[in-house]
Structure formats: structure tokens, C-alpha cells
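*Asks:* Here the structure of chain A is known, so what remains is to put chain B in place on it, guided by the hints.
Chain by chain, the residues:
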Amino acid sequence: MKYMLMMNAPRGTGDWGVMKWPAEDLKAHIAFMKRFTKALGDAGELVAAEGLAPPAQARVVRAQANGAPAVTDGPFAEAKEFLAGYWIVDVESPARAYEIAAGASAAPGVGGKPLNMAIEVREVMSPPPVEM
Amino acid sequence: MTAPNPGASAEDLLRELAPQVLGSTIRRFKDFAAAEDAVQEALVAASMQWPKEGVPDNPRGWLIHVATRRMTDYMRSDTARRDREELAARPAAGDPWSRFRDMGTTERDDTLILLFMCCHSALTHSSAVALTLRAVGGLTTAEIASAFLVPESTMAQRISRAKQTIKSSRVPFRMPTKREHAQRLASVLHTLYLIFNEGYTSSGGTALHRVELSREAIRLTRAMHRRLPDDPETAGLLALMLLTDARRPARTGADGELIPLDKQDRQLWDRNAITEGLALVSRTLPKGSVGPYQLQAAIAAVHDEAPTAGETDWPQILALYTVLERMSHNPMVSLNRAIAVAMVHGPAAGLDLLDQLAAGGELAAHHRLDAVRAHLLEKAGDLAGALAHYRAAAARTTSIPERDYLISQAARLDVGNQA
Chain A
1 MKYMLMMNAP
11 RGTGDWGVMK
21 WPAEDLKAHI
31 AFMKRFTKAL
41 GDAGELVAAE
51 GLAPPAQARV
61 VRAQANGAPA
71 VTDGPFAEAK
81 EFLAGYWIVD
91 VESPARAYEI
101 AAGASAAPGV
111 GGKPLNMAIE
121 VREVMSPPPV
131 EM
Chain B
133 MTAPNPGASA
143 EDLLRELAPQ
153 VLGSTIRRFK
163 DFAAAEDAVQ
173 EALVAASMQW
183 PKEGVPDNPR
193 GWLIHVATRR
203 MTDYMRSDTA
213 RRDREELAAR
223 PAAGDPWSRF
233 RDMGTTERDD
243 TLILLFMCCH
253 SALTHSSAVA
263 LTLRAVGGLT
273 TAEIASAFLV
283 PESTMAQRIS
293 RAKQTIKSSR
303 VPFRMPTKRE
313 HAQRLASVLH
323 TLYLIFNEGY
333 TSSGGTALHR
343 VELSREAIRL
353 TRAMHRRLPD
363 DPETAGLLAL
373 MLLTDARRPA
383 RTGADGELIP
393 LDKQDRQLWD
403 RNAITEGLAL
413 VSRTLPKGSV
423 GPYQLQAAIA
433 AVHDEAPTAG
443 ETDWPQILAL
453 YTVLERMSHN
463 PMVSLNRAIA
473 VAMVHGPAAG
483 LDLLDQLAAG
493 GELAAHHRLD
503 AVRAHLLEKA
513 GDLAGALAHY
523 RAAAARTTSI
533 PERDYLISQA
543 ARLDVGNQA
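Chains A and B supply the protein sequences, listed in that same order. Counting along the first sequence from 1, when you hit position 114 you're at 114 in the numbering used here, and nothing is skipped either side. If you want the numbering used here, it's the 1-based position in the second sequence plus 132.
Just chain A, same shape as in the assembly (with noise of 0.2 angstroms):
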């Protein structure tokens, strides 16, 4: 079974929090998700990982009547948190995904303190059963 881990960090004011971090800190944070997501590959779970650009460049796309896209600027001021990346995993059971879904939600902030970001686990829908 497939799931998606979303990695949902504090939005700050436009940018991530993780900009103003002592170079150290940042350092062994990155070192931590490259090795983090390699050993998701090395396990033969990892299907896709993606980090994304910060929410200041974020854009609202809507279709207008016409059916030209109306983009609209961030930063979004009603979002607490913002997504910042995912992995996508197939495991064996959802405890699996939990247990990464931890091992995410620890990597390290400011002093190597584990951040404790929430991650959101979320199934990724699949086949039918064989019979309904």
C-alpha cells in the first residue's frame, strides 16, 4: 500500500522558518533528509520525494470564465502551515508509514533539537478488491 507523508511546516512570514537558522544547524538538517530519504530507497519503499519552493512563491491558479488562468500572489495569510514537501512510500502496513512518518516528523532544527513537525500520512487510493 502507498501513502503520502506531507510535511507540513510553520509559515513564518512568507518564507520558511529554516532560512534564518545558523549555517550549521541548516547544514545537518539537509544531511538528515538526504540520508532519511536514501535509506527510504535503499529499504525499496520510496516511490517519490519532492521538496518545495517556499510559500512565497506560491501562486492560486483559477480557471476564469473564459478559461484563462487568474493567478493570485501569496504569501496566504489564513495558513498557519504550509506544505514543504512529501514522500510518497510503499510499505507493508500503515504502521510502516508511521513509523517513517516519525523519523520525518524528528529531524533536527535549531541545536539538532527534532523539530516535530507534523506529518500528515495520508493513503494513496488504489485498485478495486477482486470481487465487490
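Sample of chain B residues facing chain A (criterion: CB under 7 angstroms; computed from the structure): (1) T256; (2) Q289; (3) R293; (4) T333; (5) L390; (6) S531; (7) E534.
So the derived label-pair ranges between C-beta atoms look like this: (8) S179/B - D42/A: 25 to 35 angstroms; (9) N66/A - P283/B: 37 to 47 angstroms; (10) P283/B - A65/A: 32 to 42 angstroms; (11) M19/A - A142/B: 56 to 66 angstroms; (12) P392/B - M19/A: 52 to 62 angstroms; (13) E123/A - R403/B: 34 to 44 angstroms; (14) R208/B - K38/A: 28 to 38 angstroms.
A few chain A residues that don't get close to chain B, going by computed Cβ distances all over 12 angstroms: (15) P10; (16) M19; (17) P54; (18) A58; (19) N66; (20) G67; (21) P69; (22) E99; (23) S105; (24) G109.
No wet-lab data here; the hints were simulated from the structure. Heads up, the beta-carbon is just placed ideally off N, CA and C, and yes, glycines get one too.
*Replies:* Below, chain B without anything else, positioned relative to chain A:
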């Protein structure tokens, strides 16, 4: 089974020879992981050369020769030396007789021995499935990755870890002993069943590029049945696959939407597969050692034999589900039995059974409980109740085609209420 089938394509030939060549290479070099890599390279070489230069007179010998050359190269390399030293440092395998059993094993058993290895209970289900498709099915890592919609590198890691697990578990390359046999056979059948389901359930809709997993599962199960013709559960699984796969052409509509059994156009069912499946069931069931695969095959057979949904022999299906429920203790079986009860004794009896199942707890939050309840409530004439439960089921399923089906059932009833 060393002689190639006349008329088989080069690809079929390679698939059939792959496990035999691998068996022979493992027997000689005693290193599953390295042998598997070497054989895979030999298969790739064959698939590039044979179409251009023609199939060699002795294709099996050709493949073994190429694989052996790769193995020899590998054995000379540093990695292999380190691996050998590591192996030598460990205590020897505890079975002094395995050597003699190996000598008595004939080449035609290699496919079977490989299946037993690849489906070993030390592996997770997804690893066993991947390794079986590659080592026994002869599929490439890329093909398996695309069948399971994961990146090739991820699948390569999954297979490589599976091979390491086999290596470190030190399963000898031989048939399981009498004592191990039942449990090891169950693992093989379950793995083949998972491969079939993966292919069958995803055959509609967006899955255009997926390798034909259910065809591959049927091929492997057929090969297994040829080698174990007297095993009733192997025959039962093959029959179940054939009788289920026969309905595939009628199972989805033009837009990939699911069509339930009672609404399918039975003219589209594959008669040849049904005939073969029925013959297997009627040959196997009287033998007396009835197991879950035979029972599921028998249920599929009753459905497939009915010329119309209305002529389905539901009392027979109910009897089969009752035996299956006692044997498997699977709540999904109980749910299907409740449908059969409703068909035989009326929706109220089926709904009573659902209440008991819900009280049992195991299924309380499962969408299929809601889906079946909706179906039975509709039959009982409680359209508002049916509507609510179709919606509850749609909110809980993790399958898009099933959700779409449930939503459309709800929509149908909603319109009925307004009219």
C-alpha cells in the same frame, strides 16, 4: 520441461528457461544472489542477440554457458572473495543430508525449488512477489517496477534486499522436507495469489502500461500444477485464477468503471478459461482434501456456470461459504456469506448477520460492511438507509473505481427519492 515448446515466441522461451538456468547455476555455485544477477545478464544478452542471430540450437545450454561465464568473472572479483570468506567464517548449514537430496533432484524440479526459495517466509509479501517475478518469471526489474508503479531503483533495492535475505537465511537449494512442505507450499500459493490479484484488480482504467501480472501468475501457477498435479490446493488456486480471470472482459465498462457480477454481459466471459477451470474443480474437489483455494474456485465456478445472474445457484454458494468461513475465519468471507444468506433467505436474514459481524468489531469500520449493508437495505426496500450506507462506504474506501461505483449507486437512489 527442458525441451522448448514449438511455436513459442523467443520471449516465452526465455521466460520458461529462466528458472531452469537459474536452478542449474545456483546448484553449481551455491550463491543465490550472484547467480540471479548472472542469469539476468544472460537473459538480457539473449534478448538482444537471438532476434538478430536466431535462437541457438540448444537455448538452455547457451544461457547456462553465458551465466556461468558471468559467474566465473564474479567469483574472481574482490567482492566475491570477501563474500566467500564471510560465508566460510560462519558455521555450516545443519543438514548433512541435503547434499544427497540435491543429487537426487532432477532439472525439472528447479522451477519448483526456486519458487519455494523466492516465497520463503523470511521475506515480506512485497519482496517475495518481486523476487518471484524476477527469478522465476524472468521479468526484468524495469518491468516489475512499472507493474507496481514504483521507480526502477526502488524495485532494484527491494529485489536485492530479498536476495540478501535468502542468502543470509541460508535456505539450501533443495525441495522442502516433508515437515516443512505444507507451510512452504502455502507461502508459494499465497505469493502467486497476490501477483494474480495485483494484475486482476488493476487491469481497468489507467493501468495501460502494466505488465500482465495476472497472466504471469496463471503461467507460474500452471507450471507449478504441472509439477505437483496431485496437490489439490495448487489445482484449486489455478482454477480460481482461471474462473476469475474469465470474467475480466466484462468487469469494466468503456470508461473503466466497475460493473458488478450481476450486471455483467456474460457473453463477454472467456469460455475457454471457464471450461478449463471447471474441469480442474470437478477433478480436484472429489479427492477429499478440501482447502480454501478449492472452495473459492468452487464458488467462482457456480457463478461462471449460471447463464444469467438470476439463475445463480445461491444455496450452493451459501453452502460453500459456510464451509469456507469455518475453515478460514476471515471476516471478508463472513461478509460474502451474509450476501449469500440474503440471496437464499431474504435481505432481513442477511442484515441480521451483518449486525452480528459489526458487533464482533473486526469489520466495524470497514467500508465493505457499509457497502454490503447498503446493498441489502436496498433489496429490503429501505432506500434512505441504503443511500446513507452507500455514502458511508464511498467515504471509507481507498479505491477510486470502487468509490466511483458506490457514489453512483448513491446518486441513483437519491434521484429516485426526489422523483
